[in-house]
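Enquirer: The listed protein sequences correspond, in order, to chains A and B.
Going by my numbering, the first residue of the first sequence is number 1, and it counts up by one from there.
Going by my numbering, the first residue of the second sequence is number 1, and it counts up by one from there.
Worth flagging that the hints you see were computed from the coordinates, not collected in a lab.
Be careful, since some hints might not be right.
Per label pair, the in silico range of CB-to-CB distance [said to hold, decoys possible]:
(1) B:Glu92 / A:Pro244: 57 to 65 Å
(2) B:Ala271 / A:Lys141: 31 to 39 Å
(3) A:Lys119 / B:Ala208: 46 to 54 Å
(4) B:Asp145 / A:Pro243: 18 to 26 Å
(5) A:Arg112 / B:Glu346: 47 to 55 Å
(6) A:Gly198 / B:Gly207: 39 to 47 Å
(7) A:Lys141 / B:Ala182: 52 to 60 Å
(8) B:Glu92 / A:Gly245: 56 to 64 Å
(9) A:Lys141 / B:Asp30: 22 to 30 Å
(10) B:Gly243 / A:Trp165: 52 to 60 Å
Bear in mind the structure is a predicted one, so any value in this text is a computation, not a measurement.
We put the CB at the ideal spot given by N, CA and C, even for glycine.
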Amino acid sequence: MTDRYDRPPTRVGLIGCGGIAGNHLAGYRLVEEAELVACCDIDAAKAEDFARRAGIIDAYSDYRELLAHDDIEMVDICANDEAHAEIAVAALWAGKHALIEKPFATTAAQGRAIIDAAKGAGRLAMCAQSLRWDPKMRAAKGLIDAGRIGEPVFVRFCQPSSPFWCREQARAYRDRAPDWLLVHNGMHSFDLLAWLLGSLPVRVHARSHPGQEWLPVHEYVSCTIRFASGAIAQAEENRIMQPPGYPFHCELYVVGSEGTLDLSDRLTHAASVYNEAGVNLLGAHTTWTPDQPDQPFACEIREFVQAIREDRPPPIPLEFSLTILKAVLAAAESMHTAEAVAIDG
Amino acid sequence: MAEGPLRCGIIGFDYGHQGAFAGSLAKHPDTRIVGVADLPDAPEVARRRGREFAAGAGVPYFDDLAALLDAEAVEAVSLCAPPTRNPEVVAELAARDIHVMSEKPVAQDLAGARRIAAAVRGAGVAFTFGSHAARFATPIARAIDAVRSGRIGDVRVLNATFLQPRGPRYTISVEEAERRRAAGEPSVGELANFGGYVFLAFTAYAGARAASVYCESDAFFYESYRIAGIEDLALVSLQYEGGAVASAVIGRTTTKSMPTTDVRHEIIGSAGVLHVNAMSDRAFVYGPWRDGDEFERGGFDTPTFGRPSYELYVDDFVRAIREGRDPELTVADAVEFHATLEAAYESARTYRPVDVARD
Numbered sequence: 001m002t003d004r005y006d007r008p009p010t011r012v013g014l015i016g017c018g019g020i021a022g023n024h025l026a027g028y029r030l031v032e033e034a035e036l037v038a039c040c041d042i043d044a045a046k047a048e049d050f051a052r053r054a055g056i057i058d059a060y061s062d063y064r065e066l067l068a069h070d071d072i073e074m075v076d077i078c079a080n081d082e083a084h085a086e087i088a089v090a091a092l093w094a095g096k097h098a099l100i101e102k103p104f105a106t107t108a109a110q111g112r113a114i115i116d117a118a119k120g121a122g123r124l125a126m127c128a129q130s131l132r133w134d135p136k137m138r139a140a141k142g143l144i145d146a147g148r149i150g151e152p153v154f155v156r157f158c159q160p161s162s163p164f165w166c167r168e169q170a171r172a173y174r175d176r177a178p179d180w181l182l183v184h185n186g187m188h189s190f191d192l193l194a195w196l197l198g199s200l201p202v203r204v205h206a207r208s209h210p211g212q213e214w215l216p217v218h219e220y221v222s223c224t225i226r227f228a229s230g231a232i233a234q235a236e237e238n239r240i241m242q243p244p245g246y247p248f249h250c251e252l253y254v255v256g257s258e259g260t261l262d263l264s265d266r267l268t269h270a271a272s273v274y275n276e277a278g279v280n281l282l283g284a285h286t287t288w289t290p291d292q293p294d295q296p297f298a299c300e301i302r303e304f305v306q307a308i309r310e311d312r313p314p315p316i317p318l319e320f321s322l323t324i325l326k327a328v329l330a331a332a333e334s335m336h337t338a339e340a341v342a343i344d345g
Numbered sequence: 001m002a003e004g005p006l007r008c009g010i011i012g013f014d015y016g017h018q019g020a021f022a023g024s025l026a027k028h029p030d031t032r033i034v035g036v037a038d039l040p041d042a043p044e045v046a047r048r049r050g051r052e053f054a055a056g057a058g059v060p061y062f063d064d065l066a067a068l069l070d071a072e073a074v075e076a077v078s079l080c081a082p083p084t085r086n087p088e089v090v091a092e093l094a095a096r097d098i099h100v101m102s103e104k105p106v107a108q109d110l111a112g113a114r115r116i117a118a119a120v121r122g123a124g125v126a127f128t129f130g131s132h133a134a135r136f137a138t139p140i141a142r143a144i145d146a147v148r149s150g151r152i153g154d155v156r157v158l159n160a161t162f163l164q165p166r167g168p169r170y171t172i173s174v175e176e177a178e179r180r181r182a183a184g185e186p187s188v189g190e191l192a193n194f195g196g197y198v199f200l201a202f203t204a205y206a207g208a209r210a211a212s213v214y215c216e217s218d219a220f221f222y223e224s225y226r227i228a229g230i231e232d233l234a235l236v237s238l239q240y241e242g243g244a245v246a247s248a249v250i251g252r253t254t255t256k257s258m259p260t261t262d263v264r265h266e267i268i269g270s271a272g273v274l275h276v277n278a279m280s281d282r283a284f285v286y287g288p289w290r291d292g293d294e295f296e297r298g299g300f301d302t303p304t305f306g307r308p309s310y311e312l313y314v315d316d317f318v319r320a321i322r323e324g325r326d327p328e329l330t331v332a333d334a335v336e337f338h339a340t341l342e343a344a345y346e347s348a349r350t351y352r353p354v355d356v357a358r359d
């Protein structure tokens, strides 16, 4: 298969075959500019199973073996959070472009090392932020940028859900820190808010609730964030909903100087805009279609691959993501100290 | 206590809510309005409303509260005076063994709320205050009952939205804000105005007191609020004794087309989740806006399916007096609210979480 430039697809090796890798696989099936050719997981059986599902032959249990293949141009890193930085730096120095699942690193120093490696090797690296390609969020961004609610001054974003860890997974989660959920998912929330507001966070305060007592990870964290624009926001990391089965969904509520955007209707998936012109609420709905949950991943992959193929910067600069990571880590610090933390931009 | 209906005085029409409170007292089967009065320095707009209400009720109007109290045997009052004046007024009323139903916020600061508490406790009179929606709005009252009965287990997380569209409050025009600033008179921000609706519901859900508060706030929308140095929007994060955590966005926006105030509560428990949209039990009626001040506006109406919260609040006050019990919203709640509010304001100034003061 070739793309519009009549070039063969970019050859991709995926590293880390559990969890979110399934969504990435579904995304690759929709991206003609990319071809998944190899995979890797420290659990060889998991890698082989993923290879079967992906219809590929090369499955590895050591990412260095995958990186040794010169015909692989790009890696998609879906491994555990703690392994992202090591794999990314190695991949970049091996001459691969790197799409890295969030959080792309777990410390600011690791994030800086990845940026340095990308610059030194002349390769692209990007933190995966699929929410930016969620149709609902794109609709919200479009409405905000079009000035439909004036200057945004307050945002509330949350993705409530029941815990997706069960007692059988206790071994996997028992060594996690209380802030693991915040660091793992917070980059989604903080990146989305900064993107929607067009402004970077400058101060954050976090509170948490442990939820289930047997689990060290706190299942609920609420962050109060001040942005450089002056806007304030609440970002919630929520896996505390009981009983199990609470439907995972996004809620977004944006108050602007001239109107309000309410995307919190879990039944109709509709966005309501209240502004000077929107007296009739029913006439002001923007709907989205929730039947293609993997589409955001496809869009994210496609735009990164196109940046590689067109030799231009990735859609989300890694320097931007490093600032977001610092904000998330500041929130984690706040969670531990109970103090508000200024964010080092 | 005198036989017959409770003899009620109406004091102050500085705030539009007095119309609802006084109206509810007027039609209550166990009360009788005996007079209307203002404080000696009340603005003319308040006096005009007071005179109109008195004329409608067929009772005398007094320019001075003291004249009413000297002329009539008042047993209870509905008080809607500036919060800076309330402590002295409540003390005067309590000294005369008069029960008080006060508009919120009951005072300008925690010290004022404590002076009120000392006065009413010392006199043994009933005292309640106008954060009625926190306990008497039907959806919230039912949610509190459900949570208290254990329907969702132990309360872990609370979230709330309380955003009222349209503003500014008519008492905070640019001219009034400039006058107050020049005179050194404090104004009341929207966290003080609306915060009781949220914090007092949170207290009921959590069955515990707020221990620590973090707050980010600003005057985002209104120039007059900037002049007055008060907030029109606040995001508050609270830690409750017992471990529950809470967040609330509270304020007044400029969104002109929202049908009415947006009031939503989310109570997350160990065994379930409860969502409340407190405005969803209302019908929205739209109509043309009329000129004039906010007290007289009639651009929309939100009739409830059931008794409005202010009527239930007034009824609770009257019954509490008759039954010799505390009202649902007590003076202790007022002090608790002001302690939380004061911590929030200090946090907004210092960018630090602040412990809620205890007596």
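Enquirer: Does each hint fit the structure? Answer for all of them.
Expert: Right, here's what the structure says about each hint:
| no. | hint | in the structure |
| --- | --- | --- |
| 1 | B:Glu92 / A:Pro244: 57 to 65 Å | holds (58 Å) |
| 2 | B:Ala271 / A:Lys141: 31 to 39 Å | holds (37 Å) |
| 3 | A:Lys119 / B:Ala208: 46 to 54 Å | holds (52 Å) |
| 4 | B:Asp145 / A:Pro243: 18 to 26 Å | holds (21 Å) |
| 5 | A:Arg112 / B:Glu346: 47 to 55 Å | violated (37 Å) |
| 6 | A:Gly198 / B:Gly207: 39 to 47 Å | holds (42 Å) |
| 7 | A:Lys141 / B:Ala182: 52 to 60 Å | violated (44 Å) |
| 8 | B:Glu92 / A:Gly245: 56 to 64 Å | holds (58 Å) |
| 9 | A:Lys141 / B:Asp30: 22 to 30 Å | violated (57 Å) |
| 10 | B:Gly243 / A:Trp165: 52 to 60 Å | violated (21 Å) |
Hints 5, 7, 9 and 10, counting from the list given before, are not met by this structure.
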